[in-house]
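Starting from the structure of chain A, add chain B where the hints point.
These protein sequence lines are chains A and B, in that order. Take the first sequence: its position 227, counted from the start at 1, is 227 in my numbering, and no numbers get skipped. Take the second sequence: its position 9, counted from the start at 1, is 584 in my numbering, and no numbers get skipped.
Note that these hints are calculated values from the structure, not bench results. As the structure is a prediction and not an experimental result, all values here were calculated from the model. A couple of the hints might just be wrong.
[What the hints assert, rightly or not] For lysine-lysine, the following BS3-like pairs were computed, each having C-alpha atoms within a straight-line distance of at most 25 Å: (1) A:K294 <-> A:K209; (2) B:K661 <-> A:K314; (3) B:K661 <-> A:K327; (4) B:K676 <-> B:K725; (5) A:K405 <-> A:K540; (6) A:K540 <-> A:K503.
[Stated by the list, open to error] Example chain B residues on the side facing chain A (calculated, C-beta under 7 Å, incomplete): (7) R620; (8) E657; (9) H658; (10) R660; (11) V663; (12) L666; (13) T692.
No residue lacks a Cβ here, since even glycine has one placed at the ideal position from N, Cα and C.
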Amino acid sequence: MQEPAAEFTGAQLIWESLLREGVDTVFGYPGGAILPAYDALVGYPIRHVLVRHEQSAAHMADGYARASGRTGVVVATSGPGATNLVTGLATAMLDSTPLVAITGQVGSALLGTDAFQEVDITGITIPVTKHNYLVTRAEDIVPAIREAFAVAGSGRPGPVLVDITKDAQQSRAALDWDAATPQRHLRHLPPPLDAAVLAQALELIRHAKRPLILAGHGIQMAGARAEVLALAERADIPFALTLLGLGAVPATHPLSLGMMGMHGEAWVNRAIQEADLLLAFGMRFDDRVTGKLKEYAPNAKKIHVDIDASELNKNVPVDVAIAGDLKDVLRALLPDIPVADRSAWLGAIREWRGDSAVRDIQNLPDDGHLYAAHVMHDLWKLTKGGAVVVTDVGQHQMWEAQYYKHDGERSLVTSGGAGTMGFALPAAIGAKIARPEAEVWVVAGDGGFQMTFAELMTAVQENVKVNIAIINNGYLGMVRQWQALFYESRYSATPILSPDFVKLADAFGIPGQRVETRADLAAAVGRARAAQGPALIEFKVEQEDSVYPMVPAGAALHDMIRRPSALAETGSDPA
Amino acid sequence: MKGGAIPKVAVPQVSARQVSAPHVLVVYTDDEPGVLTRVASLIRRRGFNIHSLTVGPTERAGLSRMTIVVDSDAPMVRQAVEHLRKLVNVLEVQQLGERPKVIRDLVLVRVAARPETRSEVLQLAQVFRATVVDIAEDSLVIECTGSLDKIDALVDTMRPFGILELGRTGAVAMARGTRNPPAGRAPLPLRTGTESMSV
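Okay, chain B solo, but in the shape it has when bound:
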């Protein structure tokens, strides 16, 4: 290869894990101990299949935001939404549905890279706008952010070189366009000093 030109790579067709039209739920909850347990318990108990669940803080103190990607048909997803809405700690459940949305997943993947394959791995990583965040004698750690499909494709591309370790965050999603804040009928903020109160 010459002149540092990026080779064209046929992006492989991805596995069955690909969620072509995933049902994406955004769930706003109280930021309290045990809320994740309640949500996880509900999902397990009702048998909802989920692809991923991520949780983190939001722009408001006391408020957490979960992104749940559900692998189920529409009636099942509707059930999941209604059951989530019954949890006292849940303020709002948004079903992103057909709305334009941004879905992002982050992966860290440690790829075997001996001196003779290292440059090829690096070039392929570049195709995906992935970043190399660690280099060892015989491996690289690549970080990449993107849609679920893109991350799947990156992983499949790297597989022939040997994937030594892989971690994904699961999807974080947001609707495009005007911000859609939680419209829970009861006002925030919650009482202060309740951290110890709920499990």
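One chain only, chain A, in its complex shape:
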């Protein structure tokens, strides 16, 4: 790094800024308008991962950020390079991932003229970013990038885009890091905690007979695992998890109930409906967890803590709303949380749980068919629950959430809010680069995997050891399931062919295996884990299996569709 007064090109200032922000890796794809930046990159100790499509670059940066807690960085050129990022930015926005996207833009004299590869990417991305910048002068690059990192990582995190014209990259400016200290992100910090409101929360906790913690993604982002566990243990309050909350608190903790919502465990949703107090921590009452709002948790008082005040009283009116950092809030509450014994409430839940467990698919004899639930359960056992699992979107995602017991923080990376198919493979590559010591598994369906499998070559080129489990049922399974349940089984556009995945793996130069029975599963997983580089396993699973239980969209949480036959109910091993 140079003296503050030194002159740099705008292109150099981009990398100087990223270095100072602690960036070690960027994911990107070069092109005309970003060429000056790529030319300057050669002189900087920053790893560039060349992707096969910019959407994947955004997902890689997203996976990198989610697995590590650091801000992910993606670089693309103007026009189609920039528009290809949009799905990735929306994915990051909806799941609150800190991400900075740097895009090249045509020269400032050409702005607004429909020049070659010119699109108004700042206009396009307003709704899918926390903020964005169009930088037309070299001297504005450092302030914009510094502020972008501050905005992306503060409050409720999210993506920020910095669009830099080619002439801004080519012209020169001094580097004055300190003068560019960002401030505007501090404008709307949550207000100081209000003692009266905290007292109301304590009062509700004190009087609750059937309290339940709703544990969300915010716990992980606030680093409040210890505080949540302390509160749960002291007050003897069980917790249910959102999809993105999985891993925020350990799944195998005695007070952990499992996932709530549309494909949540029956006993969890029942507990929500029968609770007299919900403590919602860093979650946002998404429609996938509440079901029909009018009949949601009718007996419960509600305390909602979230860093984003616009989430409070948005979907569910609450009795105590606290806008603040969860860790701060819980630290303020903890000294006054009374020790309690709620064995009656916990006993009732255990009874409901036991009722489901005896019907669990895992407890049935092997009928020769391979079920996705088997794959997830066995993968959990074989990896001793220690892997970082990155899922795609669909049935396999729900089975993973039900059967892989996530104990570790940041051990599940999945597109929850946006539900972006094609996310898993690129996000897993990002996650593995962020945490090279971790064992990373991709779990994807045959549909989603085909959206972004070109990134296999990225994994090979960058030597990124990810293990890939493709759950192949020959359908766009979740859509097929909805067609079966709500569209009289008209399978419109859901049967999908796949290439021979083993040969495909071979074409990419990585080992591929096919597993069709549960008996062969463990050995295949063992070989994939032992392989030096990326390895792929195709699991040919039961084609028309569905995820149960299921709360149909718009139904109340207690109106669950149960598995029609005695075959199985979702569930976990009796603890």
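What follows is chain B alone, placed relative to chain A:
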């Protein structure tokens, strides 16, 4: 009519556009290109119904002030406020609510006024303390400033004569009493030379 006495006019009851207890938001923002786009995009995206939005400079360089009149119920307005507060360019959102406030709208209305109706139009304009700012052979342009209700009433009064063109600014609002400056936690002024930076 004699002696120039101003005739008594029954002010008509006004249309559904009338906002009886409007939710008035005053939003202080950076004076940068694109801020209005961000605010408008947010309002569209979240489906907030607005009656009017005005924006202009303030007593401080680099600071713009918007007045947004929101046609929604209280929870929706609270949502709008919280979402506006998440915009990086927004320094402060004040909800004038029940506080005593001054709300002013300005209208320019071109009214058909033939020689036989012109004096009547002029007299009615006077009732509203409106000013005639242009006269043509068969029409007048009237300017009037006042509360939303007053402007609505003026417009309704003029309608029978024939309204040829009408433009309103939308409301500008201010709380009465002690000045209530933006209390954004980060200090102004912003960095200079950032005009080109934000969209």
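Hint-by-hint comparison with the structure:
1. A:K294 <-> A:K209: holds (23 Å)
2. B:K661 <-> A:K314: Within the cut-off at roughly 15 Å; holds.
3. B:K661 <-> A:K327: holds (21 Å)
4. B:K676 <-> B:K725: holds (15 Å)
5. A:K405 <-> A:K540: holds (23 Å)
6. A:K540 <-> A:K503: With Cα atoms ~15 Å apart, K540 (chain A) and K503 (chain A) stay inside 25 Å; holds.
7. R620: holds (5 Å)
8. E657: holds (4 Å)
9. H658: Nearest chain A Cβ about 5 Å off; hint holds.
10. R660: Since the shortest Cβ distance to chain A is 5 Å, the answer is holds.
11. V663: Holds, because the Cβ-Cβ distance from V663 (chain B) to chain A comes to roughly 4 Å (cut-off 7 Å).
12. L666: Holds. Min distance 6 Å.
13. T692: violated (48 Å)
The structure does not agree with numbered hint 13 stated previously, though it agrees with all others.
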